[in-house]
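Protein chains: 2
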Amino acid sequence: MEFAELIKTANVEDVVLTQPFHPPVKGTLCVTGHHLLLSARDGDSSVELLLLLRNVDAIEKRSTTSSGTITIKCKDLCILQLDIPGMEECLNIASSIEALSSLDTVTEMYPFFYRPTSLRLNDKWGLCSPEQEFEQISSLSERWRLSDVNKDYSVCPTYPPAVIVPRTIDDETLRKAAKFRQGGRFPVLSYYHRKNGMVIMRSSQPLPGANRKRCREDELLLQAVNDSSNQGYIIDTRSPQLAQQARMTGGGFESKSNYSGWRRLHRNLERGKVLQESLIKLVEACNDQSNNMDRWLSKLENSKWLSHVNTALVTAGLLAECVEREGRSVLVHGAEGTDTTLLLTSLAQLILDPHSRTLSGFMALVEREWVQAGHPFQQRCAHSAFSHARLRHEAPTFLLFLDCLGQLGRQFPLALEFSEALLLRLFQEAYASNFGTFLCNSDRERCALGVKEKTHCLWQWLSQPSVRPKFTNPLYQSTELAIWPCVQPQAIQLWQGLFFRWTNNAKYLEEAWEEISLRVKQSKAKRCKESPAQETVSSEVAV
Amino acid sequence: MEFAELIKTANVEDVVLTQPFHPPVKGTLCVTGHHLLLSARDGDSSVELLLLLRNVDAIEKRSTTSSGTITIKCKDLCILQLDIPGMEECLNIASSIEALSSLDTVTEMYPFFYRPTSLRLNDKWGLCSPEQEFEQISSLSERWRLSDVNKDYSVCPTYPPAVIVPRTIDDETLRKAAKFRQGGRFPVLSYYHRKNGMVIMRSSQPLPGANRKRCREDELLLQAVNDSSNQGYIIDTRSPQLAQQARMTGGGFESKSNYSGWRRLHRNLERGKVLQESLIKLVEACNDQSNNMDRWLSKLENSKWLSHVNTALVTAGLLAECVEREGRSVLVHGAEGTDTTLLLTSLAQLILDPHSRTLSGFMALVEREWVQAGHPFQQRCAHSAFSHARLRHEAPTFLLFLDCLGQLGRQFPLALEFSEALLLRLFQEAYASNFGTFLCNSDRERCALGVKEKTHCLWQWLSQPSVRPKFTNPLYQSTELAIWPCVQPQAIQLWQGLFFRWTNNAKYLEEAWEEISLRVKQSKAKRCKESPAQETVSSEVAV
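Protein chains in written order, with this note's numbering: chain A, 286 to 828; chain B, 286 to 828.
Among the hints, erroneous ones may be present.
[Said to hold, decoys possible] Listing some non-contacts, in silico: residues in chain A with all C-beta distances to chain B over 12 angstroms: (1) T356; (2) N543; (3) A649.
[Unchecked claim] Straight line, CA to CA, 25 angstroms or less: simulated SDA-like cross-link-like pairs of lysine to any residue: (4) K436/B <-> D408/B; (5) K755/A <-> S802/B; (6) K293/A <-> T303/A; (7) K461/B <-> A509/B; (8) K558/A <-> R548/A; (9) K566/B <-> A776/A; (10) K755/B <-> S802/A; (11) K809/B <-> T764/B; (12) K809/A <-> K792/B; (13) K792/B <-> G782/A; (14) K755/A <-> Q421/A; (15) K584/B <-> N789/B; (16) K806/B <-> P759/A; (17) K792/B <-> S763/A; (18) K809/A <-> W798/B; (19) K809/A <-> N789/B; (20) K737/B <-> S645/B; (21) K792/A <-> E799/B; (22) K809/A <-> A810/B; (23) K346/B <-> A674/B; (24) K809/B <-> Y793/A; (25) K792/A <-> L779/B; (26) K541/B <-> A509/B; (27) K755/A <-> Y761/B; (28) K480/B <-> R549/B; (29) K436/B <-> Q417/B.
Keep in mind that the hints were calculated from the coordinates and are not lab data. Ideal Cβ positions, reconstructed from N, Cα and C, are used throughout, including at glycine.
All chains should be modelled from the sequences, with the hints used to inform the complete structure.
In structure tokens:
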């Protein structure tokens, strides 16, 4: 299909653009295959708008006989307005935006066309691989091995080709265990805790079904995770009732008798439609200009978003406690093992693992625990909070993860090397991006479409020396300690930086961070010059 | 009365103290006339607790035959627990705390005994005076004069001896106008806006009563504030209904016909008991460990505290707009003119006046607009959020002011020279202090008791070079512009630093601020050394 077919009117003059924090500006609107452009008419034809069409979540049009207004609601929660002279032009532009923003052929999306000058296509794709991860673990423990049982994605279509499993379990056992797990997501290693050798494993639900089937290989696999002396925990992210109900449709949970080395804990985390509707309600409340305080607070409560943030942090804290304080290994799963499971394993790593709190460690974590682990980004992030399209697979699980991280960052202002700006950026990128990183739903799909050969990698772009500082926390000081979040409901705050990004002017806060960055840079430069040794001492003291 | 009579047991050994963020510690408890002391029993007898008894808001005791527990709830919202061996000792200690914490003879309070080595009693008392204030204004405008009509406090018992009034109004007119205002609080100048010569005046309500009495002198006084061409605004901090009702008890409002140069706006701000109960509910909700998110948010809403913060900011914004944007003078009053009136005039000054945003300018503002202007601190701050004593005159108006300032500080992180630490400190000082600044209800009372001769002044202490930096915002950059707060309900945040000061660990946030301060200091030192001229340039750019 040619984009040109979808563009009936490519240019309109005298269009007035209204966007947050800027006075309205008049200029020439231009629709291309992937962008909406508005150039002002003054001398230098400055570009006032360059909107990736993929970022459009919903549009509303109102037209009279002679002109029309299009309101564009973006996935990143920004709202724009275009006043277009000419009814026909308005309708043409609107229908182009609608069609081009909802293309679902991945290879027609912008990442396949984006060619920034600072990156090259044959640069290394991604930051980390199961191979690198295994190399580190194998230097610490001999109990694990790297298996390429999934090298052609036949055992589990949503896993990467290589996974880390207990050394004593052979590929044949894995193949059989995979048949006993939804979508083939057999238990694999997610995180190795250096301090005590305990691990976090993740999988999907087992498939005992109504007949209480069992699978010896699945049991063996889990047995091999634990020392015989040490009982592990299974955190099931569904309520006991939900887990029980799942048996009726072939799913279920690990029974006590067949998995005697494991103790099951149920902690219900909301997912899917419930989460998506929560986000929709919250954003609606945030954008309502007519709120008084009572109405606002009751809408906030009613959206339940903060409850979801709270529950996620509480449960991730529990998971981290099991590992660090109780010295147990933990298996996490819900049903599919691609959403709340990943939310918990990745949050727990940020609590426990100092490396994951560095900028590059964090990017590697997102790549490993979300992208490679098969979080279906394309389905989950197809729409954000404005679309009236009927919800199917959408769910803001990744946004919930970022929000939880924002809470961590506010509670521990020195502990994360990356800044709020990175969290905001990742939210945007997951929903609409120039890069291929968040395309598709699994490694297999990305492989089939040549994503790694034909698009650029977000992590490479973020890692550039000119870009990195924008996403770095100037106050960062590494600590080896776990950072235990305060999880009382009173301690959870609404993420102002995201939800009020386009309604309250964040300019002053950004200025403050720029000022802090500048001062830190200056003071570091000074200290290095004066006495390089001091640096180390003082940062140790501060930790 | 001798304190000794109130102390039946002065010392108890083996008392266990439990306080927030510290492990329990055992030591010797000692009750003195003004303090509760606990010294640990280890080698160096370190003092683990030095609690000003005035800070105790409420105590609860539980005792068995052999021991007892006293829970101390402080006015600064901290909660402590003492486990005391011996029932009799426990009861004695409890009754001493109860008696000594509620002494109401001002001259027996600790400020009359506190003698810090760094200050001397005959140091200048206070930071500003009506004389100094007038000196500045008289250099800008000839329309004002300093009147000492109240020099013996006979015209208005709650005003300072000197006040600023229109030049054309003589003292005799002031005396008559004062008789037409509740408590004699005739309209006086609160703030002179340099940019356009407009002023903020404040007073109490007029006293037309049910018979619609009028007072020619009061009318003349207000006429003299305005140019004949320019209409002023009266912001009445009561609803139209309340203002109307007030006529039944002798009060009322400025009628349109008798005050033709003024336009009246009614903006209802809650006060007194309603505000106090709001604080009590909020603190109860904050300290409730059993909250889930829904319960917490609905308790937060139910307390209405954030609504009061919001309304105060909205109305102060309106006041500032009238002055700066509409170029009008404004008279503010409610009923007594000692609470919401001062809240609005002082908040508006912080929005408008760059000088009031400096550390010393802010301290002078609090002294002028709260202490000297007759906010009855002793009555309003007699109890905080825990006391079960029947409410009479208590109201957290000053705390509400500090909370609004906290909102400003978060919205404009560079604009205030003072830090959140100063706001927290002023909250503490207003309720229980070593200093005389917040004692009594008016200048007259302070004068009668010799407060200025026999106690130390908080502002002097805060102004010491060794103390000042603790309360300074390292990011401060002065700006001449007004800072217009965002007053949507969504933008108002609960003041975590105050309300969760003792329940969530603020350690990490404090560390972050220390780090920022250190870096700024280092970078400033460096820049001064390198090039003194750069400093000015860069701060101008940043503004």
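We went through each hint and held it up to the structure:
1. T356: Holds: least Cβ distance 20 angstroms, greater than 12 angstroms.
2. N543: holds, 34 angstroms
3. A649: holds, 25 angstroms
4. K436/B <-> D408/B: Holds, at about 23 angstroms.
5. K755/A <-> S802/B: holds, 21 angstroms
6. K293/A <-> T303/A: OK: K293/A and T303/A at ~23 angstroms, within 25 angstroms.
7. K461/B <-> A509/B: It holds: about 15 angstroms lies between the C-alpha atoms, which stays within 25 angstroms.
8. K558/A <-> R548/A: Violated, at about 30 angstroms.
9. K566/B <-> A776/A: holds, 17 angstroms
10. K755/B <-> S802/A: Since the Cα atoms of K755/B and S802/A sit roughly 21 angstroms apart, the hinted pair holds (cutoff 25 angstroms).
11. K809/B <-> T764/B: holds, 19 angstroms
12. K809/A <-> K792/B: Holds, at roughly 24 angstroms.
13. K792/B <-> G782/A: Cα-Cα ~23 angstroms, so holds.
14. K755/A <-> Q421/A: The given pair, whose Cα atoms are some 29 angstroms apart, is violated under the 25 angstroms limit.
15. K584/B <-> N789/B: holds, 18 angstroms
16. K806/B <-> P759/A: holds, 15 angstroms
17. K792/B <-> S763/A: holds, 16 angstroms
18. K809/A <-> W798/B: holds, 17 angstroms
19. K809/A <-> N789/B: Not satisfied, since the Cα-Cα distance of roughly 31 angstroms exceeds 25 angstroms.
20. K737/B <-> S645/B: holds, 19 angstroms
21. K792/A <-> E799/B: holds, 24 angstroms
22. K809/A <-> A810/B: holds, 12 angstroms
23. K346/B <-> A674/B: holds, 16 angstroms
24. K809/B <-> Y793/A: holds, 21 angstroms
25. K792/A <-> L779/B: holds, 21 angstroms
26. K541/B <-> A509/B: holds, 17 angstroms
27. K755/A <-> Y761/B: Holds. K755/A to Y761/B sits at ~22 angstroms (cutoff 25 angstroms).
28. K480/B <-> R549/B: Given that 25 angstroms is the threshold and the Cα spacing comes to 24 angstroms, the pair holds.
29. K436/B <-> Q417/B: holds, 16 angstroms
The structure does not agree with the numbered hints 8, 14, 19 stated previously, though it agrees with the rest.
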